[in-house]
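Whatever position you read off the sequence shown (first residue = 1), add 300 for our numbering.
Since the hints were made in silico from the structure, they are not lab data. Keep in mind that the hints are not guaranteed to be accurate.
The following label-pair restraints were derived from C-beta to C-beta distances [as the list claims (entries may be wrong)]:
| id | residue 1 | residue 2 | range |
| --- | --- | --- | --- |
| 1 | F355 | L378 | 30 to 38 Å |
| 2 | V316 | L361 | 50 to 58 Å |
| 3 | Q363 | E310 | 44 to 52 Å |
| 4 | P332 | E310 | 24 to 32 Å |
| 5 | E360 | N389 | 36 to 44 Å |
| 6 | D345 | E314 | 32 to 40 Å |
| 7 | H346 | I315 | 21 to 29 Å |
| 8 | G387 | L361 | 36 to 44 Å |
Where a beta carbon is used, it is the ideal one built from N, C-alpha and C, also for glycine.
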Amino acid sequence: MSTKKPVVVESYDEIVLTEPPESFLARVILPPPDESKKKRGDTKDHPLSPWFLNFSEADELLQLVAARQQVQAHIAKLRRQISLTDGQNQQFTTLNSELT
301 MSTKKPVVVE
311 SYDEIVLTEP
321 PESFLARVIL
331 PPPDESKKKR
341 GDTKDHPLSP
351 WFLNFSEADE
361 LLQLVAARQQ
371 VQAHIAKLRR
381 QISLTDGQNQ
391 QFTTLNSELT
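Please model the complete structure; the sequences and the hints are all you need to start from.
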(Lines of atoms letter the chains of each structure in order from A and count residues from 1; the text may use other names and numbers.)
(Lines give C-alpha, C1' and ligand atoms only; values in the text may rest on other atoms or scores of the structure.)
Protein backbone atom coordinates (compact mmCIF):
# COMPACT_ATOMS: atom_id res chain seq x y z
CA MET A 1 0.00 0.00 0.00
CA SER A 2 1.53 3.29 -1.12
CA THR A 3 1.17 6.52 0.85
CA LYS A 4 2.05 8.62 -2.19
CA LYS A 5 -1.09 7.78 -4.14
CA PRO A 6 -3.92 10.22 -3.26
CA VAL A 7 -7.38 9.06 -2.33
CA VAL A 8 -9.89 10.26 -4.89
CA VAL A 9 -13.61 10.26 -4.25
CA GLU A 10 -16.00 11.63 -6.81
CA SER A 11 -19.72 12.00 -6.55
CA TYR A 12 -22.41 14.03 -8.24
CA ASP A 13 -26.08 14.77 -7.85
CA GLU A 14 -28.46 14.48 -10.74
CA ILE A 15 -31.95 15.88 -11.00
CA VAL A 16 -34.18 14.56 -13.74
CA LEU A 17 -37.26 16.55 -14.71
CA THR A 18 -39.54 14.40 -16.78
CA GLU A 19 -42.03 17.15 -17.59
CA PRO A 20 -40.42 20.55 -16.92
CA PRO A 21 -42.59 23.66 -17.20
CA GLU A 22 -42.21 25.42 -20.53
CA SER A 23 -40.84 28.59 -18.93
CA PHE A 24 -38.10 26.60 -17.19
CA LEU A 25 -37.29 24.62 -20.33
CA ALA A 26 -37.05 27.83 -22.36
CA ARG A 27 -34.72 29.35 -19.78
CA VAL A 28 -32.46 26.31 -19.88
CA ILE A 29 -32.42 25.95 -23.66
CA LEU A 30 -32.22 29.61 -24.72
CA PRO A 31 -28.92 31.46 -24.41
CA PRO A 32 -28.57 33.82 -21.45
CA PRO A 33 -29.49 37.47 -22.00
CA ASP A 34 -26.70 39.72 -23.25
CA GLU A 35 -24.91 40.85 -20.11
CA SER A 36 -22.57 43.16 -22.02
CA LYS A 37 -25.29 45.83 -22.18
CA LYS A 38 -25.26 46.16 -18.41
CA LYS A 39 -22.38 47.80 -16.65
CA ARG A 40 -20.72 46.02 -13.76
CA GLY A 41 -22.44 47.05 -10.55
CA ASP A 42 -25.44 48.54 -12.36
CA THR A 43 -28.44 47.95 -10.10
CA LYS A 44 -30.90 50.53 -11.44
CA ASP A 45 -33.19 47.96 -13.03
CA HIS A 46 -32.81 45.33 -10.33
CA PRO A 47 -36.16 44.25 -8.85
CA LEU A 48 -34.82 44.57 -5.31
CA SER A 49 -33.26 48.00 -5.83
CA PRO A 50 -35.61 49.74 -3.34
CA TRP A 51 -33.97 47.69 -0.60
CA PHE A 52 -30.36 48.38 -1.65
CA LEU A 53 -28.41 50.75 0.55
CA ASN A 54 -27.19 54.00 -0.93
CA PHE A 55 -23.43 53.96 -0.56
CA SER A 56 -21.35 57.09 -0.61
CA GLU A 57 -17.59 56.96 -0.24
CA ALA A 58 -17.56 60.52 1.09
CA ASP A 59 -20.08 59.67 3.82
CA GLU A 60 -18.12 56.53 4.70
CA LEU A 61 -14.91 58.55 4.92
CA LEU A 62 -16.56 61.13 7.20
CA GLN A 63 -17.80 58.36 9.48
CA LEU A 64 -14.30 56.86 9.63
CA VAL A 65 -12.77 60.25 10.47
CA ALA A 66 -15.34 60.82 13.23
CA ALA A 67 -14.70 57.35 14.65
CA ARG A 68 -10.95 57.96 14.60
CA GLN A 69 -11.41 61.25 16.46
CA GLN A 70 -13.54 59.50 19.08
CA VAL A 71 -10.89 56.84 19.56
CA GLN A 72 -8.11 59.44 19.83
CA ALA A 73 -10.13 61.42 22.40
CA HIS A 74 -10.76 58.25 24.42
CA ILE A 75 -7.05 57.36 24.31
CA ALA A 76 -6.12 60.88 25.52
CA LYS A 77 -8.65 60.61 28.36
CA LEU A 78 -7.28 57.24 29.44
CA ARG A 79 -3.70 58.54 29.32
CA ARG A 80 -4.69 61.44 31.58
CA GLN A 81 -6.32 59.02 34.00
CA ILE A 82 -3.21 56.83 34.02
CA SER A 83 -0.93 59.80 34.67
CA LEU A 84 -3.18 60.95 37.54
CA THR A 85 -3.20 57.45 38.99
CA ASP A 86 0.58 57.20 38.66
CA GLY A 87 0.97 60.58 40.37
CA GLN A 88 -1.27 59.53 43.25
CA ASN A 89 0.56 56.23 43.54
CA GLN A 90 3.89 58.05 43.71
CA GLN A 91 2.55 60.37 46.45
CA PHE A 92 1.40 57.37 48.50
CA THR A 93 4.74 55.63 48.16
CA THR A 94 6.65 58.75 49.29
CA LEU A 95 4.27 59.22 52.25
CA ASN A 96 4.60 55.55 53.11
CA SER A 97 8.39 55.71 52.99
CA GLU A 98 8.37 58.84 55.19
CA LEU A 99 6.15 57.16 57.79
CA THR A 100 8.29 54.04 58.08
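Hints, one by one, checked against the model:
no. : hint                    : result
1   : F355 x L378: 30 to 38 Å : holds, 33 Å
2   : V316 x L361: 50 to 58 Å : holds, 53 Å
3   : Q363 x E310: 44 to 52 Å : holds, 49 Å
4   : P332 x E310: 24 to 32 Å : holds, 28 Å
5   : E360 x N389: 36 to 44 Å : holds, 43 Å
6   : D345 x E314: 32 to 40 Å : holds, 35 Å
7   : H346 x I315: 21 to 29 Å : holds, 28 Å
8   : G387 x L361: 36 to 44 Å : holds, 39 Å
Hint check: no violations occur; every hint is consistent with the structure.
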